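Visitor: Protein sequences appear in the order of chains Y and S. Quick note: the first sequence uses the UniProt record's numbering, first residue 1, plus one each step. Quick note: the second sequence uses the UniProt record's numbering, first residue 1, plus one each step.
Mixed in with the good hints there might be a few duds.
Using 25 Å as the maximum straight-line C-alpha spacing, the simulated DSS-like pairs for lysine-lysine come out as follows [said to hold, decoys possible]:
1. S:K142 x Y:K166
2. Y:K43 x S:K142
3. Y:K43 x Y:K137
Simulated from the structure, these hints should not be mistaken for laboratory data. All figures in this text were calculated on a predicted structure; none of them were measured in a lab.
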Amino acid sequence: MSALPRADELGIVGCHVCRQVSQASDDPHARCPRCGAGLHRRKRDSLARTWALLIAALLLYLPANIFPIMRTQSLFTRDDNTILSGVVELWRAGSPDLAIIVFTASIVVPVLKFLVMGYLLISVQRSSEWGARQRAKLFRLVEVVGYWSMLDVFVVALLSALVHFKVLSRVEPLPGVIFFGLVVVLTMLSAMSFDPRLIWDNRDSDD
Amino acid sequence: METAQDLIVCEHCDTVYRREVLTRGQVACCVKCGAVLERHQWIGLDGQFALILAALIVFVIANATPIVSLGLSGMSSATTLWGAVIAMWNDDSQVVSVLTVMTLFFFPLSQILIFGWVLWFARDGRRAPGFARAMVALHYVKPWSMIEVFMLGVLVAVVKASTYFDVIPGAGIWSFAVLTVLITIFASHDPRELWNVTRETPA
Numbered sequence: 001m002s003a004l005p006r007a008d009e010l011g012i013v014g015c016h017v018c019r020q021v022s023q024a025s026d027d028p029h030a031r032c033p034r035c036g037a038g039l040h041r042r043k044r045d046s047l048a049r050t051w052a053l054l055i056a057a058l059l060l061y062l063p064a065n066i067f068p069i070m071r072t073q074s075l076f077t078r079d080d081n082t083i084l085s086g087v088v089e090l091w092r093a094g095s096p097d098l099a100i101i102v103f104t105a106s107i108v109v110p111v112l113k114f115l116v117m118g119y120l121l122i123s124v125q126r127s128s129e130w131g132a133r134q135r136a137k138l139f140r141l142v143e144v145v146g147y148w149s150m151l152d153v154f155v156v157a158l159l160s161a162l163v164h165f166k167v168l169s170r171v172e173p174l175p176g177v178i179f180f181g182l183v184v185v186l187t188m189l190s191a192m193s194f195d196p197r198l199i200w201d202n203r204d205s206d207d
Numbered sequence: 001m002e003t004a005q006d007l008i009v010c011e012h013c014d015t016v017y018r019r020e021v022l023t024r025g026q027v028a029c030c031v032k033c034g035a036v037l038e039r040h041q042w043i044g045l046d047g048q049f050a051l052i053l054a055a056l057i058v059f060v061i062a063n064a065t066p067i068v069s070l071g072l073s074g075m076s077s078a079t080t081l082w083g084a085v086i087a088m089w090n091d092d093s094q095v096v097s098v099l100t101v102m103t104l105f106f107f108p109l110s111q112i113l114i115f116g117w118v119l120w121f122a123r124d125g126r127r128a129p130g131f132a133r134a135m136v137a138l139h140y141v142k143p144w145s146m147i148e149v150f151m152l153g154v155l156v157a158v159v160k161a162s163t164y165f166d167v168i169p170g171a172g173i174w175s176f177a178v179l180t181v182l183i184t185i186f187a188s189h190d191p192r193e194l195w196n197v198t199r200e201t202p203a
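Let the sequences and hints guide you as you build the complete structure.
Guide: Have a look at this one:
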């Protein structure tokens with residue numbers, strides 16, 4: 001046993017909704033005596049759920065990037081943009097700073113989420129001992145930055161509503177944006193299903 | 001043996017600590033995994049209630065006023081948040097329309113109303129009717145409220161549009177900016193602290 005006691009070893013459990021500490025029981029339907037939320041030693045079927053949601057998100061991520069997300073139409077031109085080409089256009093239009101922000105939110109963050117969540121799942125399944133503290137940090141990073149990917153979805157929604165000049169100029173959403181929105185929701189759900197305490201379970205050392 | 005009140009369990013690695021009283025600016029971190037255990041709550045309950053009230057007023061303005069308007073050779077076009085929602089619905093992107101309504105209207109509004117409700121009673125040290133349910137709801141709604149992301153989205157949209165159009169900012173854009181600031185202030189405040197500062201009112 002390590003110097004710092006873990007709730008699991010003491011036979012107590014912290015409520016993940018209100019933080020009340022109470023006696024752990026084997027009853028799968030145990031409820032927090034204070035707020036009534038379900039009590040679990042560890043999140044139920046955490047690995048299976050996280051995997052399922054992550055794979056679903058990964059499948060939708062393909063159409064989200066292949067299909068264009070937005071159509072810009074003017075008198076003589078019609079321009080369909082994917083997520084990536086939207087970033088390139090923003091860069092060319094003279095806003096490299098914003099292009100970097102959009103690139104980060106729409107491309108770096110989702111890819112980072114897939115890589116980090118996949119790595120965390122595999123390392124937990126193999127009861128890896130390596131760098132638990134770093135892995136815990138990675139998970140918190142994913143949790144914090146995850147919802148910023150919604151950025152592009154909101155941009156398309158706003159431009160579609162704003163650019164409404166009949167035949168002169170018109171912006172329309174295209175199916176890619178639907179897939180992308182769903183990817184963001186699924187990756188968020190995936191991260192929420194993951195139980196970071198698993199990183200620290202089944203370990204001998206305590207670094 | 002300490003009572004359960006004195007213990008705090010790290011949500012990220014399950015390590016158990018005895019609760020310490022924090023002073024201004026102090027943050028308690030888990031020594032094992034580095035996650036934040038607790039922050040000092042530097043705004044009192046009255047202050048938090050005032051901020052929530054302000055947020056509610058600004059939220060109404062943000063929803064009711066145009067965010068930006070575009071001008072193109074004499075024509076102009078403005079949109080509110082709801083304009084964007086309706087545009088997505090009519091352009092066969094109902095999924096996006098629903099996502100937008102939920103993350104920018106429904107969840108933020110329920111957050112403001114529920115938090116305001118429990119704070120109103122907590123100011124006298126009481127637990128509001130339905131307190132437990134309200135606190136659970138607050139916990140689940142929190143990650144899905146995306147006002148700050150929308151604010152950045154507005155800026156990106158404005159820059160993209162300004163290449164072809166004249167952009168005139170409306171009251172909505174300022175309201176969303178103020179909301180973003182208010183959300184940032186609240187980010188350091190854990191509503192779960194209300195469990196410790198309120199008592200069940202005798203029926």
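Visitor: Next, verify each hint and record whether it holds.
Guide: Against the structure, the hints:
1. Using a Cα cut-off of 25 Å, the hinted pair S:K142 and Y:K166 is violated, with the two alpha carbons roughly 39 Å apart.
2. Distance restraint check for Y:K43 and S:K142: the Cα-Cα separation of roughly 19 Å lies within the 25 Å cut-off, and the hinted pair is therefore satisfied.
3. Of the pairs offered as hints, the one joining Y:K43 and Y:K137 holds, with about 19 Å between alpha carbons and a cut-off of 25 Å not exceeded.
Figure legend: structure checked against the earlier numbered hints; the only hint not met is number 1.
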